[in-house]
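Chains as they are written, first to last, in our numbering: chain A, 23 to 291; chain B, 6 to 313.
It is worth saying that the hints were derived from the structure and are not from the lab. Bear in mind that the values here come from a model prediction, so they are computed numbers and not experimental data. Warning: the hint list may mix true and false statements.
Claimed, not checked - Facing chain B, from chain A, some residues (calculated, C-beta under 8 Å):
(1) Leu37
(2) Lys135
(3) Glu136
(4) Leu144
(5) Thr146
(6) Pro147
(7) Ser149
(8) Val288
(9) Leu289
(10) Asn290
Think of the CB as a built atom: it goes at the ideal place given N, C-alpha and C, for glycine as much as any other residue.
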Amino acid sequence: MNKHRIKILVQKEWLELKNDKATLAPLLILPIMFSIILPSILIFGGVRNVLINNVGGVSQFLENFKSDLIPSNISAENIGLYALLIFFFMPLFLLIPIMISTVLASSSFVGEKEKRTIEGLLYTPLSDSELLMGKLIAVLVPSILLTWVSVFLYGIVLDVLGYGVFESMIFPTVHWLIMMFIIAPLLTFFSTMLVLMVSQKSKSSKSAQSVAMILLIPIIGMMISQASGLMVFGAIFELILVVILIILNIITFNIVTKMFVREKIVLNS
Amino acid sequence: MILTLSKVNKSISQKKVINDVSFSLEKGKILALLGPNGAGKTTIIRLITSLIEQDSGVISVFNGDINPSNIRQNISVQNDGNLYENLTIFENLKIWGGFYEIPEDHLEVKISELTSRFEISERLNSQVGELSKGMKQKVLIIRALLTNPKLLILDEPTSGLDPYMIDLLTKILTEYVKRHETTIIMATHQLLGLESIADDVLILNKGEVVVHGKTTQLISDCWPTVELDVLSDKENFENNLDYLTANFNVIHSSFDINITRIMLETKDNHSRVIADIANDIPVNGITIVNHTVKELYFKTLGVEQIYE
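Input sequences plus hints: build the corresponding full structure.
What follows is the structure, given as structure tokens:
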């Protein structure tokens, strides 16, 4: 594989993304909401605030939550708020890499078909593997980085604003670190692979993005399970999730590499 | 030979689109690849560039190089695909040069030279999305020329260009071939004046080669006799026509308000025939009819020209 050509392809993708404000802007809204706005409202409002009391799933989550997962230094009155911020929020942050990678991957792969630029690119000396690698880097790196920045900002909000409430820094926890450095990248890769699989047949980036719905179902399932007390985003759950994602990634990557043949791309475009 | 196709076949979705196609192309020559819509021109280009694989037959590019990446490194294609609309002309060209690993300083000089030659230097930092169709076409051609390819493939290069730019493009391509010994395949529907630029012509129809050869040879094979266009005044028309009909095979006669025209064909030495006619009857001028690739195209495909 020729690293220089991959680098140029990645540069091209990022330059296009930088100039595409219509794609870029929505990608920043969700992270800002989850990282800054929602936790700030919760911390300022406290655990008995209107938001919590009016959202059914949240109050049910608090009723069913097993308090043995809470560190001993958290006072009884703050257990609910701690549980919300540390456990309930975690699946929400899995939506960020899914959403970003889905939008970027569909724009990168199907977008080239839509804009009729793909054939020109296929005439260049880029090999199939260089093309796939360059496109993957261009999607995975910003998706993962933006997720990390979101989690980092969330942590700052929790530790700075939450210090007055909890009298200690509650972030990060081991669960969050695993989520951030292992689960989020694996999930980003998986959602990108799914988009790539449908991009062979898909003629518009919007239809390719609909594949994200497949991934949203288990995430919503996680939130419902947490709310009903069926499971909590703890160590065992994370371990199971990591193993499942690794298996799924291996399977989908193999499918994608077999599907990623320029004759199919040209004839389907 | 820089390119040889031998008995190449290709089916797409169970439909045979290329049928037993064979031809070869010498280094430094310009081939006009012609044919009606759906004749298989784009498929031939895709086969040569290894974008798709033939079902049977042999394609040998650059004396048998089989690495698709190496082949594409030395081939440049301008087709009706698009540029990156939200990037500038300069960014589009710089990225393209990067894929071909042209050193950065050399690339910038080359971009400057070519944009100046195509008279778009002042728009270098304009976003491609803001450009007219003709301007985008110029950028697509520059993008193809940028990499100094051994084989340059142009698919409808004159589309969207004004008459001045078409002339300029012809001049640039002719110079380019001379300077770099580049071989050019030009798929086009713009047939006017093609005989002055194309060394070879290949006409495809329904995936098959109908005609292939040297342009001048094909034309002279198609019209083996010399055709002369004799112009005279109206008052001499009848007498001249009688004289010419008696001595030659008159194939066409017409008269306008002030001038009459009689076309005839002869197998004899045309210089002598011209001298004899000029000596025997009062004429305003005698010219040799030069047949064109456009006429060859229509005659080969058996369709009538709407406008001559």
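Note to self: Holds or violated: the hint that Glu136 (chain A) contacts chain B, with Cβ atoms closer than 8 Å.
What the structure shows: Where the cut-off is 8 Å and the nearest Cβ of chain B is about 10 Å from Glu136 (chain A), the hint is violated.
Checklist line | Interface hint outcome for Ser149 (chain A) [beta carbon to chain B under 8 Å] | finding: At about 5 Å, which falls below the 8 Å cut-off, the nearest Cβ of chain B leaves the hint on Ser149 (chain A) intact, so it holds.
Check: With a cut-off of 8 Å, does the beta carbon of Asn290 (chain A) approach a beta carbon of chain B closely enough for the hint to hold?
Finding: Violated: closest Cβ of chain B sits about 11 Å from Asn290 (chain A), beyond 8 Å.
Next item on the list: Could you check if Lys135 (chain A) really has its C-beta closer than 8 Å to a C-beta on chain B?
Entry: Violated. Min distance 11 Å.
Notebook entry, point to check: Can the hint on Leu289 (chain A) be confirmed by a CB-to-CB distance to chain B that is less than 8 Å?
Noted result: Result: holds, 6 Å to nearest chain B Cβ.
Next item on the list: Double-check Val288 (chain A) for me: the hint is only fine if its C-beta lies closer than 8 Å to a C-beta in chain B.
Entry: Interface hint status for Val288 (chain A): holds (5 Å vs cutoff 8 Å).
Note to self: Under 8 Å is the threshold here; is the Cβ of Thr146 (chain A) close enough to any Cβ of chain B for the hint to stand?
What the structure shows: Status holds, d = 4 Å.
Item checked: Satisfaction of the Pro147 (chain A) interface hint, Cβ to chain B closer than 8 Å -> With a closest approach of 4 Å, the Pro147 (chain A) hint holds.
Check: Can we keep the Leu144 (chain A) interface hint, with Cβ of chain B closer than 8 Å?
Finding: Since chain B brings a Cβ to about 6 Å from Leu144 (chain A), closer than 8 Å, the hint holds.
Item checked: Per-residue hint verdict: Leu37 (chain A), partner chain B, C-beta under 8 Å -> Holds, about 6 Å.
Hints 2, 3, 10 from the earlier list are contradicted by this structure; the remaining hints agree with it.
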